[in-house]
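A.B. asks: Protein chains in written order, with our numbering: chain A, 20 to 232; chain B, 23 to 521.
These aren't lab readings, by the way, just hints derived from the structure by calculation. Since this is a predicted model, take the numbers as computed values, not measurements. There could be a bad hint or two in this list.
What the hints assert, rightly or not - Heads up, simulated DSS-like pairs for lysine-lysine below, C-alpha to C-alpha not over 30 Å straight-line:
id : chain 1 : residue 1 : chain 2 : residue 2
1  : B       : 361       : B       : 420
2  : A       : 21        : B       : 73
3  : A       : 193       : B       : 308
4  : B       : 338       : A       : 214
5  : B       : 187       : B       : 31
6  : B       : 305       : B       : 187
7  : B       : 213       : B       : 338
8  : B       : 308       : B       : 213
9  : A       : 193       : B       : 187
10 : B       : 185       : A       : 214
11 : B       : 308       : B       : 361
12 : B       : 386       : B       : 213
13 : B       : 305       : B       : 361
14 : A       : 214       : B       : 73
15 : B       : 361       : B       : 386
16 : B       : 185       : B       : 31
17 : B       : 308       : B       : 386
18 : B       : 305       : B       : 196
19 : A       : 193       : A       : 214
20 : A       : 214       : B       : 386
21 : B       : 308       : B       : 420
22 : B       : 73        : B       : 196
23 : B       : 185       : A       : 21
24 : A       : 193       : B       : 185
25 : B       : 338       : B       : 187
26 : B       : 187       : B       : 213
27 : B       : 185       : B       : 213
Claimed, not checked - Simulated restraints on C-beta separations:
id : chain 1 : residue 1 : chain 2 : residue 2 : range
28 : A       : 155       : B       : 34        : 34 to 42 Å
29 : A       : 159       : B       : 361       : 20 to 28 Å
30 : B       : 194       : A       : 218       : 40 to 48 Å
31 : A       : 85        : B       : 94        : 45 to 53 Å
Said to hold, decoys possible - Away from chain A, derived, C-beta distances all over 10 Å, residues of chain B:
id : residue
32 : 58
33 : 76
34 : 122
35 : 150
36 : 192
37 : 264
38 : 289
39 : 302
40 : 379
Glycine residues also receive a C-beta, built at the ideal position from the N, C-alpha and C atoms.
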Amino acid sequence: MKPFRRITSRVVPLDRANVDTDAIIPKQFLKSIRRSGFGPYLFDEWRYLDHGEPDMDCSHRPLNPDFVLNRPIYWRAQILLTRENFGCGSSREHAPWALEDYGFRVILAPSFADIFYNNCFKNGLLPIVLAAETVDRLFGECQPGTMMTVDLPSQTITTHFGECIAFAVDPSRKHRLVNGLDDIALTLQHAEAIKAYEARRAAETPWLFNAMN
Amino acid sequence: MTGRTLYDKLWDEHRVCSEPDGSSLIYIDRQLLHEVTSPQAFEGLRLAGRKPWRLSANLAVADHNVPTEGRERGIADPISRLQVETLDRNCQEFEITEFTMSDPRQGIVHVIGPEQGATLPGMTIVCGDSHTSTHGAFGALAFGIGTSEVEHVLATQCLVQRKAKNLLIRVEGKTRPGVSAKDIVLTIVGKIGTAGGTGYTIEFAGSTIRALSMEGRMTLCNMAIEAGARAGLVAVDETTIAYLEGRPFAPQGEDFEPAAQSWRNLHSDIDAVFDAVVELDAKDIKPQVTWGTSPEMTAPVDGFIPDPQLVQDAVKRESMVRALQYMDLSPGMAIVDVKIDKVFIGSCTNARIEDLRAAAEIVKGKQKAAGVKQVLVVPGSGWVKRQAEQEGLDIVFKDAGFEWRDPGCSMCLAMNADRLEPGERCASTSNRNFEGRQGYGGRTHLVSPAMAAAAAIHGHFVDVGALEPVSTPIEISQSAAVQPPSRVKTGQTHKRKKH
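I would like the entire structure built from these sequences, with the hints used as guidance.
C.D. replies: Dropping the structure here:
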């Protein structure tokens, strides 16, 4: 996982609530057995005027001129500003994979769906929860080309106008994200405790350990 | 010490250790795997040189991509085929039990888990699928995870979790005619919203819930995620225990009663404290029809398409305007005037035997409306299909002009060939009405199986509670209702011994 420290980028305003993971990456792209290559299909049904299919060359597809991501000024932007309950619906990790593959590293919203929020941290994406009023104000200030800096070690956002906004993040998630640590290796440090737990449970509730055949 | 909720108990039982920051390492008893969210997890194990921690915890099945007709010809779409073959290969390589596409037990992951007794009360259950909440109907802590966590559970049998808050949703009283578990849960999602349960585990309780069958409870918990809650729960009672007895992976013979005895403790204490409580009166719940592109956009069947201009909140108003535009509906239109093109009866929400019976009861002796292009009935598993055929339900559907298919996720998310064409309007028993969910440009109205069947017959939505009861009800043998089919000959199953 890519470590995350500090990002300075343009901010893409996606002014919609309840953006679901089906919208972030439609189901036909979930047929891939790879973890990468989803970026060109991010927001596929909103971004293009035709119907996308896996492995399609997107460079010749008709773009939806009304969709914010298609404005040239947002090319390679890394920060997405959006509304409440972002990432609701399906648990597909292809949604953060697509956002990350496209180039996003930060998502700002008043709230996120639980599974999506959790999946972001596994993929070097930082979802930041801000007060609804703050998000409203940021949408108001957001002009094409508006820049922002997000600094994870200090847990601060610095806006285009120099305002500094603090944000909260779970300390262990922050530690893992800043250092790009492997979650599985960290859990395996508790291997003895896991084995002891299993031994106790297998004695108390043996049916939980029946063979699956 | 104050009383604990069912969720508190399940959490405490599965805590391996706690971190100073308040997160806990939670042991996972069961992982269900399917072809869409597992390939990258197996690849991760392979790259890191890791092995599954405990093979007997895992059960795999292909469901999202599988065709629902002409299965003997294999999967036509090469990308779908590769994904299913990849699951087969991974299960062989890592020695995980899999129900392959030709196995008579194959079906939707959230149908086969309970049906086979792989889902048991008191378990923690995960799957790379948000509708894992379904299994909470058995008093199990069950929730959807992403692929990185699928890999994490394969490698460690644990997950790092923070405890959610407790939300009690209590429904009391007798339901009106025509009201099913689906209508109850759509009403709840409509009331608390798609983010109303975010950060909570929901326990469904009250006399209305107690009166539901296990199938109904599964429908209810299935859609907890549509209210934003990763997990839904119903306490164990004798209905739960009767359902499980004799299931292949449930404790057998003399081992059953000790397990059942411990399951009877799986309920919230009388003095348990919940962080939030929502109460509903069953008599206020009517058959529901969603009109928008979010499951919270729902109305009673005798209601009307709402007017966004009457909504104060600007963000919500804008969502409604966009939804009505996508759905091609106008404010003030009666729900019963909405005409449909297709009907889908299936999905992990509503493809169990009881759902098919409810649909068949409406359909018996009638014909699909002339204006309805296609009605798909897709049973949730091979076992559901076989039982329905034993009861003659397939004949009822076929005589009405419906299509009787093989089990899979099908048109719930249209990853296989079953889908809506742009602009088509569907009455669907599935769980999500998002834009494009059932096919690019398709329009979805979520309803119960009885409501979907009635819409197929009439060509538009009708209140099933107001329909005349059928003169000759379908005979249902009581033993067939609770007993699983006898053990069947298995197909190409990768059976492995205990790890």
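A.B. asks: Now tell me, hint by hint, if it's right for this structure.
C.D. replies: Results of checking the hints against the structure:
Between residue 361/B and residue 420/B the alpha-carbon distance is near 22 Å, which keeps this suggested pair within the 30 Å criterion. At most 30 Å may separate the alpha-carbon atoms for a hinted pair to count; residue 21/A and residue 73/B meet this at roughly 24 Å. This hinted pair does not check out: residue 193/A and residue 308/B have alpha carbons roughly 46 Å apart, beyond 30 Å. A C-alpha spacing of about 49 Å is found between residue 338/B and residue 214/A, which places the hinted pair above 30 Å, so the restraint is violated.
For the given pair, residue 187/B sits about 13 Å from residue 31/B by alpha-carbon distance, which is consistent with the 30 Å threshold. Restraint check: the Cα-Cα separation between residue 305/B and residue 187/B comes to about 28 Å, which is no more than 30 Å; the hinted pair holds. Taking the CA atoms of residue 213/B and residue 338/B, the gap is near 14 Å; set against the 30 Å cutoff, the hint holds. Note on residue 308/B and residue 213/B: the hinted pairing holds, with a Cα-Cα distance of about 13 Å set against a maximum of 30 Å.
As the CA atoms of residue 193/A and residue 187/B are separated by approximately 22 Å, the hinted pair is consistent with the 30 Å bound. This hinted pair checks out: residue 185/B and residue 214/A have alpha carbons roughly 22 Å apart, not beyond 30 Å. A C-alpha spacing of about 20 Å is found between residue 308/B and residue 361/B, which places the hinted pair at or below 30 Å, so the restraint holds. For the suggested pair residue 386/B and residue 213/B, the alpha carbons sit about 34 Å apart, so the restraint of at most 30 Å is broken.
In summary, the hint linking residue 305/B to residue 361/B is supported, as the alpha carbons are separated by about 27 Å, within the 30 Å threshold. Simply put, residue 214/A and residue 73/B have alpha-carbon atoms about 15 Å apart, close enough for the 30 Å limit, and the pair holds. Restraint check for residue 361/B and residue 386/B: satisfied, since their Cα atoms lie roughly 21 Å apart, inside the 30 Å limit. Proposed proximity of residue 185/B and residue 31/B is supported: the alpha carbons are some 12 Å apart, at most 30 Å.
With a C-alpha separation of about 23 Å, the suggested pairing of residue 308/B with residue 386/B holds against the 30 Å cut-off. As the CA atoms of residue 305/B and residue 196/B are separated by approximately 6 Å, the hinted pair is consistent with the 30 Å bound. At roughly 28 Å between alpha-carbon atoms, residue 193/A and residue 214/A fall within 30 Å of each other, so this suggested pair holds. A threshold of 30 Å between alpha carbons decides the hint, and for residue 214/A with residue 386/B the separation of about 55 Å lies outside it, so the pair is violated.
Only pairs whose Cα atoms come within 30 Å are accepted, and residue 308/B paired with residue 420/B is accepted, the gap being roughly 29 Å. Our distance criterion of 30 Å between C-alpha atoms is broken by residue 73/B and residue 196/B, whose separation comes to about 51 Å. For the hint linking residue 185/B to residue 21/A, the alpha-carbon distance of about 27 Å falls within 30 Å, and the restraint holds. For a cut-off of 30 Å, the pair hint linking residue 193/A to residue 185/B stands: about 18 Å separates their Cα positions.
Distance check on the hinted pair: residue 338/B and residue 187/B sit about 26 Å apart at the alpha-carbon level, within 30 Å; holds. Proposed proximity of residue 187/B and residue 213/B is supported: the alpha carbons are some 19 Å apart, at most 30 Å. Taken as a hint, the residue 185/B and residue 213/B pair is honoured in the structure, with Cα atoms around 24 Å apart against an allowance of 30 Å. Judged by the Cβ atoms, the range 34 to 42 Å given for residue 155/A and residue 34/B holds: they are separated by roughly 40 Å.
Separated by about 42 Å at the C-beta atoms, residue 159/A and residue 361/B break the suggested range of 20 to 28 Å. Between residue 194/B and residue 218/A, the C-beta spacing of about 43 Å keeps the proposed range 40 to 48 Å intact. The hint said 45 to 53 Å for the Cβ distance between residue 85/A and residue 94/B, and at roughly 46 Å that hint holds. Its beta-carbon lying about 5 Å from the closest one in chain A, residue 58/B breaks the requirement of being farther than 10 Å from that chain.
Residue-level check failed: residue 76/B sits 7 Å from the nearest beta carbon of chain A, not beyond 10 Å. Residue placement check: residue 122/B keeps its beta carbon more than 10 Å from all beta carbons of chain A (closest about 14 Å). With a least CB separation of 6 Å from chain A, residue 150/B falls inside the 10 Å interface cut-off, contrary to its annotation. For residue 192/B, the condition that its CB be more than 10 Å from all CB atoms of chain A holds, with the nearest at approximately 23 Å.
Look at residue 264/B: its CB is around 17 Å from the nearest CB on chain A, clear of 10 Å, so calling it non-interface holds up. Every CB of chain A lies more than 10 Å from the CB of residue 289/B, the least distance being 17 Å, so the non-interface label holds. A cut-off of 10 Å between C-beta atoms confirms that residue 302/B is not in contact with chain A; the least separation is 22 Å. Remark: the non-interface label on residue 379/B is consistent with the geometry, its nearest Cβ contact in chain A lying 29 Å away (cut-off 10 Å).
The earlier numbered hints that this structure contradicts are 3, 4, 12, 20, 22, 29, 32, 33, 35.
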